[in-house]
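Number of protein chains: 2
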Amino acid sequence: MAIIECIPNVSEGRRPDLVQSFVRTVRGISGVRLLDASSDPSHNRSVLTLAGEAAPLKAAVLALFAKATGSIDLREHRGEHPRLGAVDVVPFVPIEGVAMAECVALARETAAEVATRFEVPVFLYEEAATQPTRRNLEDIRRGEFEGLAAKMTSPEWAPDFGPARPHPTAGASVIGARMPLIAYNINLATDRLDVAKKIASAIRHSSGGFRFVKAIGIALEDRQIVQVSINLTNFEKTPIHRVLEAVRREAERYGVAVLESEIIGLTPEAALISAAEHYLQLERFSPNQILENRLRQAE
Amino acid sequence: MAIIECIPNVSEGRRPDLVQSFVRTVRGISGVRLLDASSDPSHNRSVLTLAGEAAPLKAAVLALFAKATGSIDLREHRGEHPRLGAVDVVPFVPIEGVAMAECVALARETAAEVATRFEVPVFLYEEAATQPTRRNLEDIRRGEFEGLAAKMTSPEWAPDFGPARPHPTAGASVIGARMPLIAYNINLATDRLDVAKKIASAIRHSSGGFRFVKAIGIALEDRQIVQVSINLTNFEKTPIHRVLEAVRREAERYGVAVLESEIIGLTPEAALISAAEHYLQLERFSPNQILENRLRQAE
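Chains as they are written, first to last, in the numbering used here: chain A, 1 to 299; chain B, 300 to 598.
Everything labelled a hint here was simulated from the structure, so no lab data went into it.
All of these numbers come straight from a predicted model, not from anything done at the bench.
Do not take every clue at face value.
[Unchecked claim] Here are the in silico distance ranges between beta carbons for each label pair:
(1) Arg249(A) - Arg522(B): 28 to 38 Å
(2) Ala448(B) - Glu245(A): 51 to 61 Å
(3) Ala270(A) - Ala404(B): 34 to 44 Å
(4) Gly507(B) - Arg27(A): 53 to 63 Å
(5) Ser329(B) - Arg223(A): 26 to 36 Å
(6) Ala362(B) - Glu236(A): 36 to 46 Å
(7) Asn435(B) - Arg27(A): 30 to 40 Å
(8) Glu544(B) - Leu62(A): 29 to 39 Å
(9) Gly31(A) - Asp521(B): 31 to 41 Å
(10) Asp139(A) - Ala488(B): 24 to 34 Å
(11) Pro454(B) - Gln281(A): 16 to 26 Å
[Said to hold, decoys possible] Computed, partial: chain A to chain B, Cβ under 8 Å:
(12) Asn44
(13) Tyr254
(14) Glu262
(15) Ile273
All residues carry an ideal CB built from backbone N, CA and C; glycine is no exception.
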């Protein structure tokens, strides 16, 4: 049985009723499971995690676009997390019994239909990207909603589908396929935004850091602390604990402690087991030693 | 469906063929799943982890006794781990759909039949104990095989079932019921046995340490290092990481580092997730954020 994961990120995190309406919308599609819904008022963003087969997921994404495009106005949207569209990013992730190529095809079909139905320009990213310069979400999103109209006057930034200019209230959307990612935030016990930005710069691949890390430094105004907001794009090769410890050490240089960390949405179990193995200095450990795993295996 | 776990500890860890014959014996019983088999040549001990319903498990334990009683001679047995019998300890653990009381009853029935069939004295322990002085395995096992004949001349140490003296080659066995336990060894980068013994003493409940910790210090002769060999009897209340960090700190006092650690047999997933949460300083994390768990839940 094919399991695809789909993780729409929408630019709404401060109106719980609206977010709940999005949740009800996707839940209403037969064959779609809602695995998680997380909202962040600082980011003013919500992340839904869906699972299912290709056709129901496409239907769910289209239904979500229908709801979000009508109810989120980016001209009024303020939040700590960068955004390009009302429905900002929609990745499809192969989980079980399905190859990346199928997820790429699904991303392209969904993107085409979104563009046609809602007159929103769509850019394909990661494994679905049509050009190397469009693989990275950050490169597509740079300038955010406010800079999009100017950006799209350049032929370099013609969308993969849809009109040659932003939707006036819904901006543009980024749709694609990729491997599982862990959204991981590390909060620092300081209000110095420059510290978070410097550390983000130190750990992210683009500016010399770990290969499979994307990161930005942001302020959490309501709590008067700062955050290194991270995407771990290959947790097997660049594990969560290595990144945390690098952040911890970098923060020490500024006399700043790590206050706490947080996983947003879902994580593969292996990422946490790997962290436990690292910190406990476990040798010769096999996931088969996990009781629940062994009970589930046929004997 | 009832799932009971049964973890026979046998006094053989240096003859792999013999251990394999034990494995084949228990596997041959219909309705019994072998979840794990671990041997330790230093300890000269093996731990089998079985799961199933009450009747098949009892049959497996009796079959194991038949094989082990004939092939292990404790008069010849040398090893780092304390032992009383060829089949040394057999706990039954409720895992799912079964209450402790059922496991206690199963322990008592199994003990009675072992004693009758193999003429091995049996002591009931933990939740199955008939007296408070017999709850602790360590109190029953103190003196080991070599001291058993003398110990059993005292009326205080009349067995719960079977003859009033040790079996000449198979000693005595301890059978009971308890909550899940984690067998955890921490190896220290030193050959100083006194350090391991002092640290074991520091962390175990009986001498002033953590409430749900049993520990001994032993030498791993083949590797010329020492080990704190631990049973975590309630990993939720006394978690694995707290114990490791206490050992680490105590070892520092002697200028000794923690070399590595090891889990023997099975561990509940929650113990490792809890360790990951602790070291990663994760806040607001729910096991529902584990992808594999969410996929298994009905939506």
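- Failing hints, ascending? 5, 7, 8, 9, 10, 11, 12, 13
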